Every structure is written in C-alpha cells, then in structure tokens.
Amino acid sequence: MTDTDVAAPAPTAAAPQPEESRTALKRAALLLLRGRTLVVLVVLVIIFSSISSEYLTQSNLILMTKHVAINAILAIGVTFVILTGGIDLSVGSIAGLSSMVAGGLLFKGLNVPGGTVFFSVAVVILIGIVVGALVGAVNGLLITRFKVAPFIATLGMLYVARGAAQLHSNGGTYPDLAGTEARGNTGFSFIGVDSLLGIPVAVWIMVVVAAVAIVVTTRTPFGKHIFAVGGNERAAVLSGIRVNRVKIAVYVISGACAALAGLLLTSELGAAYPDTATTYELNAIAAAVLGGTALSGGRGTIIGTVMGAFVIGFLSDGLVLVGVSTFWQSVVKGAVIIFAVITEQAQQRLQSSLTRHTA
Amino acid sequence: MAEILEARHISKNYGGVRALKDVTFTAYRGQVNVLVGENGAGKSTLMKILSGSEQPTSGEIVLEGETVQLGSPRAAQALGIGIIHQELSLFPNLSIAENLFAGRELRKGGRFVDAAGQRRRAREVLERLGQDRLDPDTLVGDLPIGQQQLVEIGRVLLEDVRVLIMDEPTSALSNHEVDVLFEVMGDLRRDDVTVIYISHKLDEFRRIGDWVTVFRDGRLVAHESMSKTDTGWIVRQMVGRDPDSLYVRNSSPVGDVLLEVRGLTVPGTVAVDDVSLSVRAGEVVGIYGLMGAGRTELMETLMGMRRATAGEVFVRGEKEPKSTVQARMAAGLALVPEDRQRDGLVQTMTVRDNILLATIAKLTRGGLLAGPAEQRTARDKVSELAIKIPGLGALVTALSGGNQQKVVLARALLTEPIVLLLDEPTRGVDVGAKSQIAGLMAELAARGFGVLFISSELAEVMAMADRVLVMARGRITAEFTAENVTEEALVTASASESALEASA
Amino acid sequence: MKYLPSRRAFLAVGAATVMALAACGGGDDEGGSSSGGASAPAASKLVVIITPSPDNVFFKAEQDAAAAQAKSLGYETLVLSHDDDPTKQSQQFDTAISRKAAAIILDNAGADASVTAIQRAKDADIPTFLIDREINKTGVAVAQIVSNNAQGAGLGGQEFAKLMENKGEYAELLGKPTDTNAGVRSKGYHGILDQFPDLKMVAQQSANWDQAEALQKTQTILQAHPNIKGIIAGNDTMALGAYAAVQASNKKDIVVVGFDGSPDVVSSIQKKAIKATVLQPASKIAQMAVDQADAYLKAGGKTDQPEKQSIDCVLVNADNAATVKDFAVAGS
Numbered sequence: 001m002t003d004t005d006v007a008a009p010a011p012t013a014a015a016p017q018p019e020e021s022r023t024a025l026k027r028a029a030l031l032l033l034r035g036r037t038l039v040v041l042v043v044l045v046i047i048f049s050s051i052s053s054e055y056l057t058q059s060n061l062i063l064m065t066k067h068v069a070i071n072a073i074l075a076i077g078v079t080f081v082i083l084t085g086g087i088d089l090s091v092g093s094i095a096g097l098s099s100m101v102a103g104g105l106l107f108k109g110l111n112v113p114g115g116t117v118f119f120s121v122a123v124v125i126l127i128g129i130v131v132g133a134l135v136g137a138v139n140g141l142l143i144t145r146f147k148v149a150p151f152i153a154t155l156g157m158l159y160v161a162r163g164a165a166q167l168h169s170n171g172g173t174y175p176d177l178a179g180t181e182a183r184g185n186t187g188f189s190f191i192g193v194d195s196l197l198g199i200p201v202a203v204w205i206m207v208v209v210a211a212v213a214i215v216v217t218t219r220t221p222f223g224k225h226i227f228a229v230g231g232n233e234r235a236a237v238l239s240g241i242r243v244n245r246v247k248i249a250v251y252v253i254s255g256a257c258a259a260l261a262g263l264l265l266t267s268e269l270g271a272a273y274p275d276t277a278t279t280y281e282l283n284a285i286a287a288a289v290l291g292g293t294a295l296s297g298g299r300g301t302i303i304g305t306v307m308g309a310f311v312i313g314f315l316s317d318g319l320v321l322v323g324v325s326t327f328w329q330s331v332v333k334g335a336v337i338i339f340a341v342i343t344e345q346a347q348q349r350l351q352s353s354l355t356r357h358t359a
Numbered sequence: 001m002a003e004i005l006e007a008r009h010i011s012k013n014y015g016g017v018r019a020l021k022d023v024t025f026t027a028y029r030g031q032v033n034v035l036v037g038e039n040g041a042g043k044s045t046l047m048k049i050l051s052g053s054e055q056p057t058s059g060e061i062v063l064e065g066e067t068v069q070l071g072s073p074r075a076a077q078a079l080g081i082g083i084i085h086q087e088l089s090l091f092p093n094l095s096i097a098e099n100l101f102a103g104r105e106l107r108k109g110g111r112f113v114d115a116a117g118q119r120r121r122a123r124e125v126l127e128r129l130g131q132d133r134l135d136p137d138t139l140v141g142d143l144p145i146g147q148q149q150l151v152e153i154g155r156v157l158l159e160d161v162r163v164l165i166m167d168e169p170t171s172a173l174s175n176h177e178v179d180v181l182f183e184v185m186g187d188l189r190r191d192d193v194t195v196i197y198i199s200h201k202l203d204e205f206r207r208i209g210d211w212v213t214v215f216r217d218g219r220l221v222a223h224e225s226m227s228k229t230d231t232g233w234i235v236r237q238m239v240g241r242d243p244d245s246l247y248v249r250n251s252s253p254v255g256d257v258l259l260e261v262r263g264l265t266v267p268g269t270v271a272v273d274d275v276s277l278s279v280r281a282g283e284v285v286g287i288y289g290l291m292g293a294g295r296t297e298l299m300e301t302l303m304g305m306r307r308a309t310a311g312e313v314f315v316r317g318e319k320e321p322k323s324t325v326q327a328r329m330a331a332g333l334a335l336v337p338e339d340r341q342r343d344g345l346v347q348t349m350t351v352r353d354n355i356l357l358a359t360i361a362k363l364t365r366g367g368l369l370a371g372p373a374e375q376r377t378a379r380d381k382v383s384e385l386a387i388k389i390p391g392l393g394a395l396v397t398a399l400s401g402g403n404q405q406k407v408v409l410a411r412a413l414l415t416e417p418i419v420l421l422l423d424e425p426t427r428g429v430d431v432g433a434k435s436q437i438a439g440l441m442a443e444l445a446a447r448g449f450g451v452l453f454i455s456s457e458l459a460e461v462m463a464m465a466d467r468v469l470v471m472a473r474g475r476i477t478a479e480f481t482a483e484n485v486t487e488e489a490l491v492t493a494s495a496s497e498s499a500l501e502a503s504a
Numbered sequence: 001m002k003y004l005p006s007r008r009a010f011l012a013v014g015a016a017t018v019m020a021l022a023a024c025g026g027g028d029d030e031g032g033s034s035s036g037g038a039s040a041p042a043a044s045k046l047v048v049i050i051t052p053s054p055d056n057v058f059f060k061a062e063q064d065a066a067a068a069q070a071k072s073l074g075y076e077t078l079v080l081s082h083d084d085d086p087t088k089q090s091q092q093f094d095t096a097i098s099r100k101a102a103a104i105i106l107d108n109a110g111a112d113a114s115v116t117a118i119q120r121a122k123d124a125d126i127p128t129f130l131i132d133r134e135i136n137k138t139g140v141a142v143a144q145i146v147s148n149n150a151q152g153a154g155l156g157g158q159e160f161a162k163l164m165e166n167k168g169e170y171a172e173l174l175g176k177p178t179d180t181n182a183g184v185r186s187k188g189y190h191g192i193l194d195q196f197p198d199l200k201m202v203a204q205q206s207a208n209w210d211q212a213e214a215l216q217k218t219q220t221i222l223q224a225h226p227n228i229k230g231i232i233a234g235n236d237t238m239a240l241g242a243y244a245a246v247q248a249s250n251k252k253d254i255v256v257v258g259f260d261g262s263p264d265v266v267s268s269i270q271k272k273a274i275k276a277t278v279l280q281p282a283s284k285i286a287q288m289a290v291d292q293a294d295a296y297l298k299a300g301g302k303t304d305q306p307e308k309q310s311i312d313c314v315l316v317n318a319d320n321a322a323t324v325k326d327f328a329v330a331g332s
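Protein chains in written order, with this note's numbering: chain P, 1 to 359; chain D, 1 to 504; chain B, 1 to 332.
These are calculated hints, taken from the structure and not from any lab test. Check each hint, because a few of them may be wrong.
Below, in silico cross-link-like pairs of lysine-lysine (DSS-like), each with a Cα-Cα straight-line distance of 27 Å or less [what the hints assert, rightly or not]:
{"#": "1", "chain 1": "B", "residue 1": "Lys-200", "chain 2": "B", "residue 2": "Lys-187"}
{"#": "2", "chain 1": "B", "residue 1": "Lys-71", "chain 2": "B", "residue 2": "Lys-308"}
{"#": "3", "chain 1": "D", "residue 1": "Lys-322", "chain 2": "P", "residue 2": "Lys-147"}
{"#": "4", "chain 1": "B", "residue 1": "Lys-122", "chain 2": "B", "residue 2": "Lys-302"}
{"#": "5", "chain 1": "B", "residue 1": "Lys-271", "chain 2": "P", "residue 2": "Lys-108"}
{"#": "6", "chain 1": "P", "residue 1": "Lys-26", "chain 2": "D", "residue 2": "Lys-388"}
{"#": "7", "chain 1": "P", "residue 1": "Lys-108", "chain 2": "B", "residue 2": "Lys-325"}
{"#": "8", "chain 1": "B", "residue 1": "Lys-302", "chain 2": "B", "residue 2": "Lys-45"}
{"#": "9", "chain 1": "B", "residue 1": "Lys-122", "chain 2": "B", "residue 2": "Lys-88"}
{"#": "10", "chain 1": "B", "residue 1": "Lys-187", "chain 2": "B", "residue 2": "Lys-137"}
{"#": "11", "chain 1": "B", "residue 1": "Lys-137", "chain 2": "B", "residue 2": "Lys-284"}
{"#": "12", "chain 1": "B", "residue 1": "Lys-187", "chain 2": "B", "residue 2": "Lys-167"}
{"#": "13", "chain 1": "B", "residue 1": "Lys-272", "chain 2": "P", "residue 2": "Lys-108"}
{"#": "14", "chain 1": "B", "residue 1": "Lys-308", "chain 2": "B", "residue 2": "Lys-122"}
{"#": "15", "chain 1": "B", "residue 1": "Lys-272", "chain 2": "B", "residue 2": "Lys-252"}
{"#": "16", "chain 1": "B", "residue 1": "Lys-45", "chain 2": "B", "residue 2": "Lys-100"}
{"#": "17", "chain 1": "P", "residue 1": "Lys-333", "chain 2": "B", "residue 2": "Lys-176"}
{"#": "18", "chain 1": "B", "residue 1": "Lys-45", "chain 2": "B", "residue 2": "Lys-71"}
The structure presented is a predicted model; accordingly, all values stated were derived computationally and were not measured.
Just chain P, with the same shape it has in the complex:
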C-alpha cells in the first residue's frame, strides 16, 4: 500500500498539462494532506513544547511513546480488520478478558483435579494472546459463516468478552501479579514496566508489532489479499482469493493484538481488573482513521495508524501535562478526529480530480 501511495501521483507526472500551474499547487496540497498526520503531530509538539518546557524532554517523549504503545498495538490490529472493510468493536473487551485470564493465572493459578498449577510468565502471556486470538476467530466465524454484519458481531462480542472478564473474577480485581519464586511465575512486570537500552519494553514490542504488520501488509500475498478484499470483495472472490479465510485471519490478528495490549496495560499496572481497557476500541479506531485508513476498506497503512496513535497519545498527554481539564481534553480529542476525517475527504477529492485529468 505504501508503494500505492508513492506511485499514485505518477499519472499526473506522466501527462503534464501545460498552462496548469494550478495542478502543481493541487499536487502540493495533496502531498500536505497525505502527510497530514505527521503535520498534525509536528504542530502538536510545537504547541505543547512552547507551553511547557517539560514536554519536549527525552524522558517525557519516552513516557508518551510508552502510553502510545498500548493504543498503537490495538489500532494496528483494528487496521487489519478495517482494511478488509470490516470493523472490530470488541478489542477493548478482548484486552480486558485476556488481562483477567493472565491475571488469574498469575494470581491464583489454574485449578486442576488434584491441585493448583502455576505457569511461567511466558506461558501466561502466550495463553493470554491465544485467548484473544480465539475470541477474534469467533468474531471471524460469525461474520463469514453466519453472515453477521461485522459491526453487530463485534458489538455483541464487546459485551460477551467484557462479561466473561467480569465473570472470571466475579467482578473482583487480581491485585498482585508479581508472582513468587516458589511458583516460578515472577517477572510479569518485564513487558510493562522494564526498559531495554533505556527504552521501555512496551515500546520495543510496539516497534516489533508494527514492523511485522508493515511487512505483512505490504510484502506478502496475504497483505495484498487483505487490500483486495477491502477494495472489492467480488473481484477478490473471482481472483481465487479465499475471502473468508482472509477475513477470519484479520479478526484473529486483531484479537491477538488486543490481547497483547491488554497484557501490557496489566503488566504496567501490576493488577488485573475486569474494566481494563473499557472504550479503548474507540481510541484504536480513531487512531486508524486519523492515520488515513478508510472505513470503507481497501485503503490505509500501518504506518499511518501508528502515526494516528501518536497524535492521539501526544495530544492527550500534552493536555494533561499543561493541566487542561478533563472536559476540554474530550472536546479537543474529538475535534482533532473530525478534522482528520474532513481532511481525508479533501484528499480523496483532490486525488480524484488530479487523476481525472489524465484519464
């Protein structure tokens, strides 16, 4: 998709229209609109750093990036789904569920006939992610086999998964996830609290997830199939693409990413509670949309989504840092999202007006 973006202006370049300096102007505007997420991010950094000298410090940038990581990972998963023309509203709940599953395993272990078993942290994390992936698979099956609209299927799953999270502890919190040496399950704080080379592990994880996602979306047949399904499902079917498999796969990816994000949040907090990540799905979708992912499917980039998550995170933290009240934080965040969608529309219009000239 990245090369699509880069290559798209080619038609205009190939057929230059004389007398039209306006086209050049339009093309410059288009470039600006394409990079709007970056532009917004730069503007935010300039504004906040001029208000507070603490904003543009190394430690604050690292902290904000760490806050971004959780939403970015959620949003990357959701982007896969949106690229196929679907939507996943259940990611916040899946994060909560996997958080509770992992928290329960660490805190009280698994009851089996004959006693209680404790797993190592690595196994717990793996189980947490598998739970998320399975819930995603159920989403995918509902949508492909039972023809439930993605909005409805994942809305239902939003409630089911949240309820399952609450049932898991009967509503309670697992307050201490440190584990004990005797049980061999210490070290859960590594992914959420610790740092490697001065950068939080959570940020490294985000980088790895994003890198893998970029490779998958741009450099694999599966990635092309995702874009094809979202761009024109019927054409994808006719091209022999196993559309249902692609769809199930993206919901599995989304569920696994959501679970990973939930685990990071839980690790950082050192406690698992059933309301973990409530309404985070909206932040994730907002990041994807902000990053230029079209809700109609077929258009978007992982990099854009990550940038979108950065904008939302840097904005929210900046508002807290300079002491803006909660109410205004909501208003500003909403306004930025709406602004982003408006500029997206403007970009589409400009782009089609530029291509029409050459058609």
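Since chain P is already given, all that's left is putting chains D and B on it; use the hints.
This is chains D and B only, laid out in the frame that chain P set:
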C-alpha cells in the same frame, strides 16, 4: 417536419479532451429521434448538455426558435426537457406514488403531504403508461426492472414534458418489457412529445425510430430518416468502416474437447436450466442471449462462484468435483467478468496489483513478495496485451475502459488457463479496443486455448464466434455454426421463451 | 462453501474458547443473581439490592454485606448492578416493582436521575433504603444512610498534610466529574490542605475512578512536575494506579493517599507502599440499611430513624491497617 430542439455548433472540452467537436444536432417535433454511436462517441455528453447537467464550452441551444440557457437540470425541466438516465434513480423502499412525487410532494395545508392526491395523480400517470392494473402503493423495489423504468418515465410525464431524452432505457429489459416501453413511446409521439432516444441495439431502435443520428469520436457523422437507412449503413457510419473488418475471425484448427458441461442446473431468480455444452481447443464459442437469460449465471457457475444443484463439469476430460473458484482456477478455467467495476477491478489498488491479484502468491521468495519478479511479470503482460498505462504503480481507475478490461484479462491469463470464459468482453470499450480484444481472442484460440464468450451484440457474436449458442430463460435454445448463423435466427432463438412469458 | 465442515470448525473453535474461559475462570461461580424463587407471593419476602458494578470491591462488599444480612433475617434477595447507568437502574426498579419486592436497598446511579425511579417504587408501596450515595430529594426514600464523605476527606487531608510535613508540591486525582462524591471529597481535602501555605497543588486531573487512567495521568504529571512529593486520590483504585506510576518512576518516597479502605490498599499500607486511606464503613452501612428495612416492614411501614443518617469514616494507616477486614476496622 418541424424542428423543436436544435443544438448549434456545440463543442465541449473536459480538461484537454474534446468530447464534442462542433456538433449541430436537430430533433424533430413529435418524432422519435435516435442517437447511436460507440461508447465515448459523445452522445451522452450531448444529452447531458441538452438536459442542463453540463454546460457546452461553445455553441448555443435553440428551443422552438428561441435561444435558451440550460444552466441546470431544473432549468431544462422548466422548459419541458426531461431526461431518463440509464441507471435508475428510484427509491426502492418507497411506493410508486411516493417515487413519482419524490422531492416535489403535493402539499395539503402547505405543510402535510397530500398522499391521497398523489395517489390519484399517480393512477392517472400509470394509466397513461398502460399500467392501470398497478397499485400506486406498491413498493418500487418489488417491481420488475421494466416497470421500474416505466415509473422513471412517469416521473418525467408528471412535468409538462415536451422533449423526453432516454439514455439506453432498454439495456436491462426483457423483450416483452421493451414492447411495452415502445408502445408507451408510440403514445407519447401521438401526444406530440418529442423523444430523443439513445441506444446500442440496432434491431430495437430500427423498430421505433423516425430519425437516426450517428456519432463517432465526438463528431456528428450522419443524420438520416430511418426509412432511408439499413443496418449495414448504420454500422458503417458508427465504426467508420465495414463491420466485418472490425473483427478478426478465428480460423485455427480445432482440437480436443477442453471444457464439457452436462446438464448444469442452478436455481435462482435467474436460473440456469439443464445446460450442456462443450468447448474445444482452438475454438471460439459465443453465447448470445438477452440480459437475464442466465448467461452470466452460467459463467459464474462454471467458475465455482455459484453452486449447481445438478450437472457435471469436465475439464480436459476430468470431472471437476469441487466447485470453488480455487479448484476451477487450478483446473484451468479463468473468467473475465461482465461488470469490470463490480467484479473485476479492485479500484483502490494499482495496475500492477490488479494484474497480479490472482497469482500473487506464486511470486514470493521466502514468504515475502519478490518485488522485481512482480514488476517483471506485470510489465510483460502489459506489453503483451498492449495495455496503455501511465505506470504500473498508477491506480487502476486512471485507465480507460478498454485498458481496464485488458488488466482484468491479463490477470486471467496469468493463472495459465486452458479455457477462457469472457462475459461481455467488449462491453463499454471503444471501437479500437473492441477490435483488439477480438484479435486477442482469435490469437488465444490459435495458441490452443478454448474461448467461451458472451455477447449481446449480434454483429459481434456473428463475426467472432466459430459456434454460437443461444440462451434464453436459462436454457440453450439453439446452436449455430459460423456458416449457418443469421441475425434473424439468433433473435428468434433468444426470444423463444420470452415470447411464452409475454402471452402468459 | 458454507455447509458442514465450516459449522464443525465453528463449533470446535467456539467450544475451545468456552473451555479456555472456563478453565481459566475456575473458582467462584455464585455470581450476583437471584436466590429467590420464581414468583413472590403477596406478602413478599424479597429484598432487592441494587448497586454499581461489583467490579469495584467496595460495591462488592456492600452487596455481599446487604445480601448476607437480609438472608440471615429470613429474606430472599435479588442482587442487581446498574453500572452507574440511571436508565438501567430505572429498568431494575421496574423489575423490583413487578416482582412485588418488600424493600429495595439502593446505592444509586445519580443524585437527580434516581429520584423518579424511587418515587415509582414508593407509589407501589415499596420502601427504598439508600446507602453510600444520597439523592437530591427528601421524603422519597425511607432512609439515606451514607458515610460522611466530608468528614472522611477531612481525615484524609489531615493525614496527607502530616505525611507531607505540611509543605511541598502535590497533585490531586479527581473521581468521575459527574459523581457528587468526587466533588465532596475534593472539597474535604482542600478544606484542610488549603490551610497550609507551603502545600502547593501543582496538578489536578480527573482519572474517572479508573486505575489504568490514574497510572497514565500520574506518569505524565510526574513528568511535568518532577518535584512532586505527594499524590492524593479521590478513591483507592486511582491511588493504586498512582502508586504504580510512582513505583515505575523510582520516586518511592512520594506519599500516596486514597479513599475507601479497599482490601488492596489496606494490604498496600501494611507493606508501607500507599501511606493511608479513609475507610468507608460500607459493610456496616449496608447492614444498617437492611436492619432498618426489616424494622420498617415489621412496624407496618414506620421508622424511628431520621431519613438522613451519616456514618463517620475511619482513617486507616500503618498503625491500624492490620485490623481492617471487609471495609470494617475491628472495634469501630
């Protein structure tokens, strides 16, 4: 013979493209004025100008001797010029009466919709359209497409229309529905309404037209009273040369049977009913039939997109047990669909990605796409099929219709098929591309492919196919060889079952 | 494409998910559902207990105490949770009315938004006993038994000032802005803290009672104000989130004080992590409400208690943390 509407020296430029070049067109009062021409010849542009939705770059429009400004569709309507577009613009969720008055509801007390009044007027209009048995409260979505077309006409009749422009109104109609439409047009003509009628279907417009005007490449090339013309003359005017020279005839020797179908049956609103056929290596087989005859459904079933309830498909003598697209593709079938925009192209992707879509999984190294191989494969196909593109990275929507069609064809060929299924391969492409595509089909046959294609154009199917099958109501109703096929026989066979429906 | 094999696959995955959930879930499965019979006769013995989500241990303790007390007095119980949604609460009142409950014990979903529902119950001759949160109208509910948030916040403020040695920068985490208790507590804190000129509040943010949000906001606040010595939070979950941020920032001497007396914070105090909290006697209030409901019903619809009753809170710090259990300090 009084002129009512005249377009004088009209030119229209879109960016650098000249869509109309100094066109002077006359429509006669109370007559059916037929406009013909290939796609992109400029007839739709002229109609947009006459109905006010586009403004000419130069030239003037004269209505009953007075120069008029048609600044908007509303302005044109106010002067009594109405248009019915090819795509219906109805609300399927509303009733006939509500559709007729959508946007200009009758009022009661200045505020409330006068539903009873609308119903009364709707009944009058339906009566004028010969549809007095239709209840104005019926939902438009529940009507067959032909009656929906009539509702669309009804919308225009509600205004005091003097000139009615119809842009390919019969493209989706059954023969019976076309008959009804023509009766209505006859009535309108008696009511002194002038009809400007755009059509592709030679056999149809010759029945109803009084005057014929031919467009080619943005120019008006001929204008003649219908009675002084014949089909050959019209085609010659349209393409600028003899129709037979347009198409390349396949003349390769015929080999083994590549595709055989026995008793294929698919239920549905448009059904496929007990179809058997075969295609041999080196053979070009055409399927002629009207829209809704089950041709597309047959193709889609062969390609594994629909499930047959009975019947068998053999490729190279082997029975194909699995009816999935993947299985049929692996067996050696490839389909170029009729509706490129809906079934063929992924509009959000580049030319390269569209070409490689079906075979991308083969172009990998270590699980990752091999960029250079992709580029090479796509470039080879582009030059092989002479696809005109601004670049492999350009969005596919930047291409013209003919080149888009070739992109879909390139994708199909990359799957290395042995039988190529082409559903209306020349629909919506210009003359040049049409002739190229015909040439390609012949060439593919010469290379040992089997080719099965659908066409609704008599001239085309007769000129291109070695054998013609006629489909109607889901069945194969006739089969001809290139030697014994005639226009008349094709039309008769294609209507054989529709006629039954008309009398029922 | 869509028949047998796929359905089997779906069932397999579905079953696997259910098993995974069940396997990990384990343990308690009683849940908060009805333990009463399907139909309640005219002389109903059903007490309906409606509280916010038991996600929060505070409300859980409240629910459990009320239900246990009601059962020990021979009542059937129906325990519901309105999740702070007044609409849901109103529907639950309809349920209580249609089941002809004897009494309703309610921790309400909004000081104004709850009035009509309670009135509706009253019109159906079902008395409502409010716990924990008040409503903005008297004469509708039979009793409004609440912990004295203002007094409690005063205690918390005093302890916080003492821990801060009456000077230095601090930050405050507010609860959900629409919740009256958030305001009452903040006001109570400031009633004390604002008397010390050397105590300087450098940041004030709402974390909506949420642990994760408190964590992230505290991290950002610490970033902006590196000299902060203390954080005072409107409830215990936010205090826990704030303490997680403090721990991660390696400034472990920062004073964190919460409000509620939840078991997690109490055990944190015992480990000398969080410094103090204010215990609301949730269990005691819930029991009182049930007792008064019982007395009211037995007296044929009369009560000898005032409608508004305010129960004092108790400060919990390192000195007495060991004696706290289920929102009650031994001996108080």
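| message | Checking one constraint from the list: CA of Lys-45/B to CA of Lys-71/B, max 27 Å. Satisfied? | response | Roughly 10 Å between the alpha carbons, so the hint for Lys-45/B and Lys-71/B holds.
- Could you grab the alpha-carbon distance between Lys-71/B and Lys-308/B and see if it respects the 27 Å cut-off? Roughly 25 Å separates the two Cα atoms, so the pair holds.
Taking only the CA atoms, is the gap from Lys-108/P to Lys-325/B under or equal to 27 Å? OK: Lys-108/P and Lys-325/B at ~20 Å, within 27 Å.
### Query
Taking only the CA atoms, is the gap from Lys-200/B to Lys-187/B under or equal to 27 Å?
holds (15 Å)
Open item on the list: What's the verdict on Lys-122/B and Lys-88/B, does the C-alpha distance respect the 27 Å limit or exceed it?
Closed with: Given that 27 Å is the threshold and the Cα spacing comes to 18 Å, the pair holds.
request  = Given the hint that Lys-302/B pairs with Lys-45/B, test it: the Cα-Cα distance must not exceed 27 Å.
outcome  = holds (17 Å)
query: Are the Cα atoms of Lys-333/P and Lys-176/B separated by 27 Å or less?
result: It holds: about 18 Å lies between the C-alpha atoms, which stays within 27 Å.
Measure nothing beyond the straight line between the CA atoms of Lys-122/B and Lys-302/B; if it is 27 Å or shorter, mark the hint as holding.
The hint holds at about 14 Å.
| query | Taking only the CA atoms, is the gap from Lys-322/D to Lys-147/P under or equal to 27 Å? | reply | OK: Lys-322/D and Lys-147/P at ~22 Å, within 27 Å.
* Has the given pair, Lys-271/B with Lys-108/P, been kept, meaning a C-alpha gap of at most 27 Å? -> The given pair, whose Cα atoms are some 20 Å apart, holds under the 27 Å limit.
Query - Given hint Lys-284/B paired with Lys-137/B - CA-CA distance at most 27 Å - result: Holds, at roughly 24 Å.
Report task. For the pair supplied as a hint, Lys-187/B and Lys-167/B, confirm whether the alpha-carbon distance does not exceed 27 Å. Result -> holds (19 Å)
Figure legend: structure checked against the earlier numbered hints; every hint is met.
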